[in-house]
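S.K.: Based on the hints, put chains B and C in the right spot on chain A.
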Amino acid sequence: MNLRGRLGEQLVTEEIGGEIFALATKIFPICRSITGNGVRQTLREIGAHVALETHEVPTGTKVFDWTIPREWNIRDAYIKDSRGEKVVDFTRSNLHVVSYSVPVHRHMSLAELSQHVYTLPEQPDLIPYRTSYYSENWGFCMPHRQFENLPEETYEVLIDSSLEDGYLTYGEYLHKGETADEFLLSAHVCHPSLANDNCSGVALLTHLAKRITRLRTRYSYRFLFAPGTIGAITWLARNENNSQRIKHGLVISMVGDGGGPTYKKSRRGNAKIDRAIGHTLRHSGLTPTILDFFPYGYDERQYCSPGFNLPVGLFQRSRFAEIPQYHTSADNLDFIRPDHLARSYRLIAETLDVIENDAIYRNTMPKCEPQLGKYGLYGQVGGDKEAAAANMAMLWILNLSDGTRSLLDIADHADLPFTIVFSTARKLQQLGLLLLDAR
Amino acid sequence: MNLRGRLGEQLVTEEIGGEIFALATKIFPICRSITGNGVRQTLREIGAHVALETHEVPTGTKVFDWTIPREWNIRDAYIKDSRGEKVVDFTRSNLHVVSYSVPVHRHMSLAELSQHVYTLPEQPDLIPYRTSYYSENWGFCMPHRQFENLPEETYEVLIDSSLEDGYLTYGEYLHKGETADEFLLSAHVCHPSLANDNCSGVALLTHLAKRITRLRTRYSYRFLFAPGTIGAITWLARNENNSQRIKHGLVISMVGDGGGPTYKKSRRGNAKIDRAIGHTLRHSGLTPTILDFFPYGYDERQYCSPGFNLPVGLFQRSRFAEIPQYHTSADNLDFIRPDHLARSYRLIAETLDVIENDAIYRNTMPKCEPQLGKYGLYGQVGGDKEAAAANMAMLWILNLSDGTRSLLDIADHADLPFTIVFSTARKLQQLGLLLLDAR
Amino acid sequence: MNLRGRLGEQLVTEEIGGEIFALATKIFPICRSITGNGVRQTLREIGAHVALETHEVPTGTKVFDWTIPREWNIRDAYIKDSRGEKVVDFTRSNLHVVSYSVPVHRHMSLAELSQHVYTLPEQPDLIPYRTSYYSENWGFCMPHRQFENLPEETYEVLIDSSLEDGYLTYGEYLHKGETADEFLLSAHVCHPSLANDNCSGVALLTHLAKRITRLRTRYSYRFLFAPGTIGAITWLARNENNSQRIKHGLVISMVGDGGGPTYKKSRRGNAKIDRAIGHTLRHSGLTPTILDFFPYGYDERQYCSPGFNLPVGLFQRSRFAEIPQYHTSADNLDFIRPDHLARSYRLIAETLDVIENDAIYRNTMPKCEPQLGKYGLYGQVGGDKEAAAANMAMLWILNLSDGTRSLLDIADHADLPFTIVFSTARKLQQLGLLLLDAR
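Residue numbers (this note's numbering), protein chains in the order written: chain A, 8 to 446; chain B, 8 to 446; chain C, 8 to 446.
Think of the hints as simulated: they come from the structure by calculation, not from any bench.
A few of these clues could be false.
Copies of one chain are not kept apart here, so a pair can be met inside one copy or by any two copies together.
Unchecked claim - Capping the alpha-carbon separation at 30 Å, the derived lysine-lysine pairs in BS3-like fashion look like this: (1) K279 - K381; (2) K69 - K374; (3) K183 - K374; (4) K254 - K374; (5) K254 - K69; (6) K87 - K381; (7) K183 - K33; (8) K279 - K254; (9) K434 - K69.
Just chain A, same shape as in the assembly (with noise of 0.2 Å):
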């Protein structure tokens, strides 16, 4: 009837942060980017797990302001020196071509390769992630201190790519509940091989897929595998009538380092998922941060529009931006533990389980206390110090269930772990003592 009882035993699994670590893994050496191959590569990884619908949008498709660009595809790419060795070579990093980058296959001089070449002088061991997607370009990223000590010389400088009509790519994947109503779980698939953004997310959110179709849940659960910002956008707008059935959401990215947890909230600011993962992330033991919506990020930038202004925030371990690691080639494999994969799907299957059950209920005797002694609720002799503390629970639930407050509320006006407080509530609602309100 309802997700709670079932998380410990069917959400969560021992080897869940290994069976995602695993996933990352494979996906990693895919060269993604907003369209293309590389896109469509990974949605089949993903779909060796849950039964996901594949989407083609043609280029030229105008979505609100936007239009689908060409698709772009890439085969190798290399910068050669005079001697015929590759200085840069595509096929050991994608990072190595601007995304998006036109094709282009001639010698020049360090002058004019300079042009195109990007760095990171303050982290001069590590290629930066450039993209280029709405004006044509090419161009290669390589670490500095290489860059610094290419000699002046004739290069040979190949990007064998294709930018042509074609089609924009996503995928989703639809659980669905007792009610139509959704809970959007988003995570951006156009990053090539960065691991912790966002290879950890798409594959956290394909495991928690893969578990939750096996369980009957209150809400439908609405997972997008898209491309960023233009995949959000596509999906908006194809779905412009039904976004309003979104009651709650999450983007999901970043999921697998050992920061935070860091939770960036809805445009709204006191939306249930705005509340329900900050109990959650509040009484995890871990020191979580909490944002303030604004208007920079992830695909939280599309849901929160003021158009749709829908009910959906960010989820990430270490704040996006603010880790040296971020949009570099150091965003890698090794930047991403099995243990962080499986704290970050705990603490996101926690905030399902609290929206799942939270629920008004009614106090059945709410002039004075019951005699909970007579249902065998409490302590028999009194007066003993140590008795109050366990009662808490249930005296909290009895005196502020009296229709305006939900057991989440008084989760968070009597700091208690929600967990505490459902479970308290099943117990005083078997023994007639508690009502659920009609929703």
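M.R.: Frame of chain A; chains B and C shown alone:
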């Protein structure tokens, strides 16, 4: 016409601390429980000071989810060793017997006796206070050090008690004021020889009632002396329809020690009583603790159950359960002092003063300031840096008395003591600059 | 069309600090009081810069609870010792005579004279400033050190003053804007030789009026130069019906020292002026003090009396009465400086800028973000960690311009300077991405 001017002369007296202490001393030895002759004897002592109305409610009477239990009385109890020596003697401390113990008279081994002995291992010299109202049982309480030294032998155990159909007894006294709106003052009378919890509260309220009866007041004052929990529930059940007459209320307990003061707000959190006593305590020169409501404690649990939600808070000095003397034999007459009792009494009297005199006034000349000098209300030589401070109460009252704010609102906003705001308002009223809003 | 673009060019000039200081210097020696020729002479100096309208209100006129007093003028005053030496000489400092002193010319002992002497024992070298407007009296002010050294002898005391039926004089200047809604700027003109309090404020407003008159503005700007208290009351009494035209207002005093800045909010506490100047001061790089309204101070007391409750706050540098120079001869031309005056002027000009330009706009493409790159509004190479910051104002405006928030709301929410938010909004408006809400 109102309480205010008279408080100094009539409610508070030089001897009040000593008088309260004397009554507390007198009722301290009585063996009270939630029913029985100990309660009746206590009410008779109160009745020597005020015209108390005593109620007897038969065993078996239904009061909401509860039932009036059988009446418990006890004549004697002891544990004798094999030489006939009383190792525990009820006549030396009534805390020795678990309240509501069923009768027993048997010889038994130390092992069997141990099943019925309660001690405090961490406070080995103190006798704990224990009860077993709603489950048939018997037991003795003793210092842990004594218990550890009991030799292995056969003991004669006697509890000469009775548990029979009878009555629950409580007393109340109503001082009628100008209106039928009531201020409830409630103390529990079910604890045996515990001086602070609650001989202090019973004695304080008795003397407050004795003095207030001579005064004309705006509110009617109801003093309730009833056993904890079941007594308050009984009163609420029998006065269910009239309970909404209670506009303000305080539960009083543990008012004889030098700690705190502590105030626990009503469930409403911003009731007039919450604001009035908060104001009084903040301006008391002490360092008060103001707590939000929580559903554990004294009879405010029942008054603040969601079906009643009365504006009743709890006033104490030290916070209950946070002092080592709580519910032990160390809560004796050495723990309470006349000066602490007098201070607690004054804080309550000052709170009543705020409640009685708070009202909304209107500035009769709201456009610009009145020319205060004309009325002799203002220093004559301007420019003096010091002159300003003395006039602030006057200026605040005139500025904020626009029909939306009461004197207490103004005192809190301006951070001035209510007494100064009220006396200044009276002066302005006499000069026609201020008008009492029709209530 | 609006003030904004022109502020830098027209309201604020290089020389403004020096010009304000020059005017303050010119009016400093004049012996002002709440009536009389000193006020007229001051208004003539203001009138040399703006087309001031001067009002004369006869003695005896009723203004709310007050009455226009007799007009006071003074020609000379001294205390001569027995050798005919002037030990106190009005012509050296007009602070020497208590303002509104009645005429006196007598010989008297030191003992009798002492009854009429005011000093500052804790600041023994300074002359205090004292007045006695509404009770007939006379007196001298002098340094305490000098007073202590006066020998016991007979003194000749002269105050050549007159207190006769006449007029209260004030001046005002109205700059008409696009609407009849007014911004009131008010300075008191009743203090004699006190440079900061308030030659500084009078001179600053005069030059602000002189410059604003050349601009087209949204609001009409009313500049009021009137004696403190009785002047503001007189103006309010004569403009009672039109007072609600005042949508924003500032009382200006003590703006020439280097302290603060200090802003005391209007009685409303969250009026637009309170928010606009609060924003300006927070972004000023200084460490402002923002105070809640209290009913003591300058003419905001009258504007914020409950019957008017106008949105008028008080702007100062140092907080009045908190500096040792306050109301003493140390508040002289050495205490104020052109650069401080210029800074105060700029802060007020920037506040006017916020008030003029704040408005609610609407995002014309509220569903998802517009493709900012299309409009040349966005860095072309993505992924750069630095690119984000520069775009934040744009993203905030688009995200929050849903018809419920003004630019000031957005600037405060995003913690960005209003100037940046406003100029960015203009850019978005020109591109059709933002639309001004119908006012």
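S.K.: Hint by hint, say whether it matches the structure.
M.R.: Consistency of the hints with the structure:
{"no.": "1", "hint": "K279 - K381", "in the structure": "neither (36 Å within a copy, 36 Å between copies)"}
{"no.": "2", "hint": "K69 - K374", "in the structure": "between (61 Å within a copy, 13 Å between copies)"}
{"no.": "3", "hint": "K183 - K374", "in the structure": "between (41 Å within a copy, 27 Å between copies)"}
{"no.": "4", "hint": "K254 - K374", "in the structure": "between (35 Å within a copy, 18 Å between copies)"}
{"no.": "5", "hint": "K254 - K69", "in the structure": "within (27 Å within a copy, 46 Å between copies)"}
{"no.": "6", "hint": "K87 - K381", "in the structure": "neither (85 Å within a copy, 35 Å between copies)"}
{"no.": "7", "hint": "K183 - K33", "in the structure": "within (28 Å within a copy, 72 Å between copies)"}
{"no.": "8", "hint": "K279 - K254", "in the structure": "within (8 Å within a copy, 36 Å between copies)"}
{"no.": "9", "hint": "K434 - K69", "in the structure": "between (54 Å within a copy, 25 Å between copies)"}
In this structure, the earlier hints numbered 1, 6 are contradicted, and the remaining ones agree with it.
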